[in-house]
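These protein sequence lines are chains A and B, in that order. First residue of the first sequence? That's 1 in the numbering used here, and the numbers climb one at a time after it. First residue of the second sequence? That's 1 in the numbering used here, and the numbers climb one at a time after it.
Hints are computed from structural coordinates only; laboratory data are not their basis. Treat the numbers as computed from the prediction; the structure is a model and nothing was measured. Glycine included, every Cβ here is placed at the ideal spot set by N, Cα and C. The reader is advised that the hints may include incorrect statements.
As the list claims (entries may be wrong) - Calculated cross-link-like contacts (lysine-lysine; reagent style DSS-like; alpha-carbon spacing at most 27 angstroms):
hint, chain 1, residue 1, chain 2, residue 2
1, B, Lys-59, A, Lys-78
2, A, Lys-68, A, Lys-148
3, A, Lys-148, B, Lys-59
4, A, Lys-78, A, Lys-64
5, B, Lys-52, A, Lys-148
6, A, Lys-78, B, Lys-26
7, B, Lys-75, A, Lys-68
8, B, Lys-52, A, Lys-68
9, B, Lys-72, B, Lys-59
10, A, Lys-68, A, Lys-78
11, A, Lys-68, B, Lys-72
12, A, Lys-68, B, Lys-26
13, A, Lys-148, A, Lys-78
14, B, Lys-59, A, Lys-68
15, B, Lys-72, A, Lys-78
What the hints assert, rightly or not - Covered stretches of chain A, going by a simulated chain B footprint (3 or more residues, C-beta under 8 angstroms):
hint, region
16, 52-66
17, 69-79
18, 111-118
19, 152-166
20, 169-179
21, 188-202
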Amino acid sequence: MSDTEMRQRLVQGDEDAFAEIFGALNPSLIRLATALTGSRAVAEEVTQETWLAVISGIERFAGKSSLKNWVFAILANKARTRARQEGRTTVRLDHTSKAGSGDADTTDPDSFDDSGRWREPPMLWDEITPERTLAGRQAWEIVTDAIKALPTMQQAILDLVQRENLAAAEVATLLGISPGNVRIQLHRARERIRRQLDQAQTEPHGGQKSHGCKK
Amino acid sequence: MMSCREVCEKAQDFTDGTLGPLSRAKIRLHLLMCRNCTGFMDQTQQTSRLIKSTLAHQKASSVDPVLLAELKKRKK
Ligand SMILES: [Zn+2]
Chain A
1 MSDTEMRQRL VQGDEDAFAE IFGALNPSLI RLATALTGSR AVAEEVTQET
51 WLAVISGIER FAGKSSLKNW VFAILANKAR TRARQEGRTT VRLDHTSKAG
101 SGDADTTDPD SFDDSGRWRE PPMLWDEITP ERTLAGRQAW EIVTDAIKAL
151 PTMQQAILDL VQRENLAAAE VATLLGISPG NVRIQLHRAR ERIRRQLDQA
201 QTEPHGGQKS HGCKK
Chain B
1 MMSCREVCEK AQDFTDGTLG PLSRAKIRLH LLMCRNCTGF MDQTQQTSRL
51 IKSTLAHQKA SSVDPVLLAE LKKRKK
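Full structure from sequences and hints, please.
Written as C-alpha cells, this is what we have:
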C-alpha cells in the first residue's frame with residue numbers, strides 16, 4: 001500500500017489499514033522508545049501515545065517524508081519529552097559506547113599475527129537457514145536471544161537499519177547521536193551475533209572461541 | 001595488498017555495500033587469494049541475512065482497544 005493510500009484509508013478510520021501499519025512498525029517503535037526512555041514500560045506508553053497522535057493527526061502527514069519516517073519522528077519527540085520529564089537523560093554518546101564495549105568486543109585474544117594474518121582460520125560455515133538447528137536450537141532462536149541480550153541502543157539501531165531499512169543518517173537523527181556512532185554500534189551488535197552463531201556451531205565439538213577482529 | 005585484519009575490519013561495510021569502489025576492489029582481490037577471509041566474509045554475510053529474516057518475522061502484539069476506539073471516532 002502506498003503512503004498516499006494508507007493516509008487516505010486512515011483518514012476514513014479503516015481498521016485493516018491500521019492493522020497493517022501497526023503490524024509493520026510497532027515492534028520497531030517499541031525498541032526505539034525503549035532506547036530513548038530507558039524503560040520498556042514507559043516505551044509502551046509512549047508508543048501508544050504515538051499511535052493515538054497518528055490516528056487523530058493523520059491529516060497533518062503532508063508526504064514530505066515517508067509515512068514511516070513521520071511516525072518514527074513523532075515517537076522520537078514524545079520519547080525525548082517523556083525522558084526529560086522523568087529526569088532521565090536520553091541517549092548519551094559516552095553511555096552508549098560504554099554499553100557497547102562488552103566482553104565480546106574487548107576481551108577476545110587477538111585473532112591476527114603481527115603481519116595481519118589470521119592466527120587460526122575462521123570456521124567454514126555451512127549454509128545456515130533460520131530453521132537450521134545449531135546446538136539444540138534453531139538459528140532464528142539463537143539470533144532472537146542474541147538481539148535481546150544487546151544494549152537497548154544497539155537493539156534499536158539494528159532494528160531500524162536491518163528491519164526498517166533506514167539510512168544511518170536517519171537513524172542518527174532519531175536517536176540524537178552521530179552517524180559514525182550509529183555504524184560503530186551496528187558493527188558491534190552484528191559482530192556479537194556472528195560470534196554467538198559461530199560458537200553455537202562449534203559447541204558439539206567442544207566450544208572453541210570465535211575469531212574476529214576487535215571493533 | 002590489504003591484510004586479513006583489514007579485510008575483517010571492513011567485512012560489514014563490504015556486506016552493506018557502503019565502501020568506495022577502490023576498497024571493494026582491494027577486498028575482492030584479497031578474497032580471491034585468501035580462503036580464511038572468504039570464510040569470514042561468508043560468516044558476516046550469513047549473519048546479516050539471518051538478522052534480517054529474524055527481525056522481519058517479529059510479530060507485533062494485537063492492536064490495543066484504545067487505538068481501535070480512536071480509529072472508530074473517524075468513522076462518521
Ligand atoms: Zn585474508
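Now the hints, each set against the structure:
no. : hint                 : in the structure
1   : B/Lys-59 x A/Lys-78  : 24 angstroms, holds
2   : A/Lys-68 x A/Lys-148 : 24 angstroms, holds
3   : A/Lys-148 x B/Lys-59 : 15 angstroms, holds
4   : A/Lys-78 x A/Lys-64  : 20 angstroms, holds
5   : B/Lys-52 x A/Lys-148 : 15 angstroms, holds
6   : A/Lys-78 x B/Lys-26  : 45 angstroms, violated
7   : B/Lys-75 x A/Lys-68  : 23 angstroms, holds
8   : B/Lys-52 x A/Lys-68  : 18 angstroms, holds
9   : B/Lys-72 x B/Lys-59  : 24 angstroms, holds
10  : A/Lys-68 x A/Lys-78  : 16 angstroms, holds
11  : A/Lys-68 x B/Lys-72  : 22 angstroms, holds
12  : A/Lys-68 x B/Lys-26  : 37 angstroms, violated
13  : A/Lys-148 x A/Lys-78 : 24 angstroms, holds
14  : B/Lys-59 x A/Lys-68  : 17 angstroms, holds
15  : B/Lys-72 x A/Lys-78  : 24 angstroms, holds
16  : 52-66                : holds (count 3)
17  : 69-79                : violated (count 0)
18  : 111-118              : holds (count 6)
19  : 152-166              : holds (count 4)
20  : 169-179              : violated (count 0)
21  : 188-202              : holds (count 6)
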